[in-house]
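Quick mapping for you: the protein sequence lines, in order, are chains E and G. In this text, residue positions in the first sequence follow the working numbering: the first is 1146, and each later residue adds one. In this text, residue positions in the second sequence follow the working numbering: the first is 52, and each later residue adds one.
What the hints contain is simulated information worked out from the structure, not anything from laboratory work. Be careful, since some hints might not be right.
[Said to hold, decoys possible] Per the computed footprint, the stretches of chain E lying under chain G, defined by three or more beta-carbons under 8 Å from a beta-carbon of chain G, are:
#1 1364 to 1378
#2 1402 to 1409
[Unchecked claim] One side only, chain G facing chain E, incomplete, derived with CB under 7 Å:
#3 Gly-143
#4 Gln-259
#5 Ser-283
[Unchecked claim] Chain E stretches covered by chain G per the calculated footprint, using a threshold of three residues with CB under 8 Å from any CB of chain G:
#6 1234 to 1243
#7 1270 to 1277
#8 1417 to 1424
Please read these numbers as outputs of a predicted model, since none were measured by experiment. Backbone N, C-alpha and C fix where the C-beta goes; we use that ideal spot for every residue, glycine too.
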Amino acid sequence: MMGAANNEILRISGLKTYFFTRRGVVKAVDDISFSLRKGEILGLVGESGAGKSITGFSILRLIDEPGKIVAGEIIFEGQNLLAKSEKEMERIRGNRIAMIFQDPQTSLDPVFTIGQQIVEALLLHQNMSLKEARHRAIDLLRSVGIPSPDDRIDDYPHQFSGGMRQRVVIAIATSSNPALIIADEPSTALDVTIQAQVLSLMRNLVKHRQTAMILITHDIALVGQFCDTICVMYAGRLVEKGPKTEIIRSPLHPYTQGLIRSIPGRQQRRKRLDQIPGMMPNLIDMPEGCPFLPRCEQGSEGCRVRAHLEEVSPNHWVACLRRS
Amino acid sequence: MRLTSDGNPLLQVEGVTKHFPIQKNIFEKITVKRGRLRLLNQVVHAVNGVSLEIHRGETLALVGESGCGKSTLAKTLLGLHRPTAGKIWYGGKEISSLTGYRRRPFQKRIQMIFQDPFSSLNPHKKVIDIIGQPMKIHGLAKGRQISPRVLELLAKVGMDPAFASRYPHQFSGGQRQRIGIARALAVEPELVIADEPISALDVSIQAQILNLMMEMQEEFHLTYLFVSHDLSVVKHIGTRVAVMYLGFIVETAETEDIFADPRHPYTQLLFSAIPSLDRLEFEEMAKIEGEVPTPIQLPPGCPFHPRCPRVMDVCRRERPTLRPVFSDHLVSCHLFG
């Protein structure tokens, strides 16, 4: 832990983001801790509603009413983001921390050319002239593999295909050479062959510049290939984290085990698949105990008290009372 | 599983083509080019001369990327689209030209499970009416007979019969998909066309619905046409696989054969692009170049030639046809000419 401290770029500890709705308190993110080193790609996996995206938005402090970050620390490059003013955050967002969203259709403004949008991002965070910015934008487009960038820079987003648009978004995200990129389902809206292209590109850029990255996705097979570390979320809690081979090859939490076992294609064909019974509980006023208990085959009465993440083997953390 | 011996497929498709016009009326057609008025007649070539057979009791998986025409083909088989050209036989009878009451017996035999369980159920109707109405329409039950049959079906698809009087919005995605399956099974169909039935569901729910579909197939002796882009699902559930690209079928084979030995360059590309848990190292996808061309202007020759790593001269000129490489493994590629 101490040795890695120099390289550590982000440390989240005890983060709680709650939504205070009329029907009760939704603990969307409930006591989450993890850290990220330079050049590390961390995969945040879970079903919809597990709190993955809210974790990403919390890091950027983009939580709107009725949501609120009620506790925790987000230490980014040695400074606590939760203690910063809104003005200071504006200098960090899109500059030191960039975000890539799921749908490239909606994250680009349809009424400006992509050149204008990249140049805007460059001028906002960097001290350069318009001419320099335009040159830099063309270089960026070339670096994300857009053919003939000199011509395409004056095109509007609708003139690009989905995969190309996502490349433009990646170009904008990497324009300021951020220390951390948060990618929220960046390839879900794309076709499989295009997804493979875009992911290859992202991984190359990130590994080349030693940028840290958080990849938020529901696709555990994708995480298994793309990431270095995996965090599994369920109902607002972190249930397991560790190096990817550990998590995929020897998962310890019953939820992770069920998730990996239920993936078709690796079991005997046309036979019944292993399945996790039931569905994720409603997050409003959740009981303190293990959120997975109603669906867990290994659970017992003892699971009604809260399980905290514990290190069961080096770097492999599990929140399950049956394991500790 | 597959009854090849009797030689009578349940459904036979021959040269089915579906084109959608882009300019729907004369005003949209008129354009000015170099100062002269011209009429434009562009079409989207969604499905181009597809021929295939579906045999009783099998699960034919139709795979391809979005926009390759797999959903259009499924809807054409169901009768929601009328084919631009080509013929569809069901149990030896030509059905693509039938309309109205002549079509009705086949509508009962071919049912569909839709992708999005949120938009495919009428929000104004209770579950009992959603499942019961098709029974009424096809004369399978009436009046007081309907309710017990609906409750029985609900129990079969793993739902509490007490839910019958609820509305769709009161259910989760997985539960709605179960209702969708019950609705399709209500008229005792023979062929069920499932268009991406699990892709809108959460990962932990997908296995539940797949299991249910396999159970139902066993119990009601169903034949499935399973449309999907998810190859791991296809590998698990399919008995035979047909791969589509730009509205053409480029390869069909038994599932084991095609996964063990994909022949068409596109199939190979598709299979290599999909992340799987078998290999955990990140593999470069540098060899994949380019994107899917628009179906408005199909490339001449082989539809895949602009992206194909093994493109030859002949591929740019001549359109390949589906030919057997060995007995049941058909490939449409000049490499195997």
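Now for the hints, and whether the structure bears them out:
Proximity of the segment 1364 to 1378 of chain E to chain G, defined as three or more residues with a beta carbon under 8 Å from a beta carbon of that chain, is established by the 7 residues found. Here the segment 1402 to 1409 of chain E counts 6 residues with a CB under 8 Å from a CB of chain G, which clears the bar of 3, and the coverage holds. Annotation: Gly-143/G was flagged as interfacial toward chain E, and the flag is violated, the nearest CB pair being 28 Å apart, outside 7 Å. Below 7 Å, beta-carbon pairs count as interface contacts, and Gln-259/G has one with chain E at about 5 Å; its hint therefore holds.
About 3 Å separates the beta-carbon of Ser-283/G from the nearest beta-carbon of chain E, less than 7 Å, and the hint is met. Note: the segment 1234 to 1243 of chain E has 0 residues with beta-carbon separation from chain G under 8 Å; the three-residue rule is not met and the coverage is violated. Residue count for the segment 1270 to 1277 of chain E with a Cβ under 8 Å from a Cβ of chain G: 0. That is fewer than the three needed, and the coverage hint is violated. By the rule of at least three residues with a Cβ nearer than 8 Å to a Cβ of chain G, the coverage given for the segment 1417 to 1424 of chain E holds, with 7 such residues.
The structure shown violates the earlier hints numbered 3, 6 and 7.
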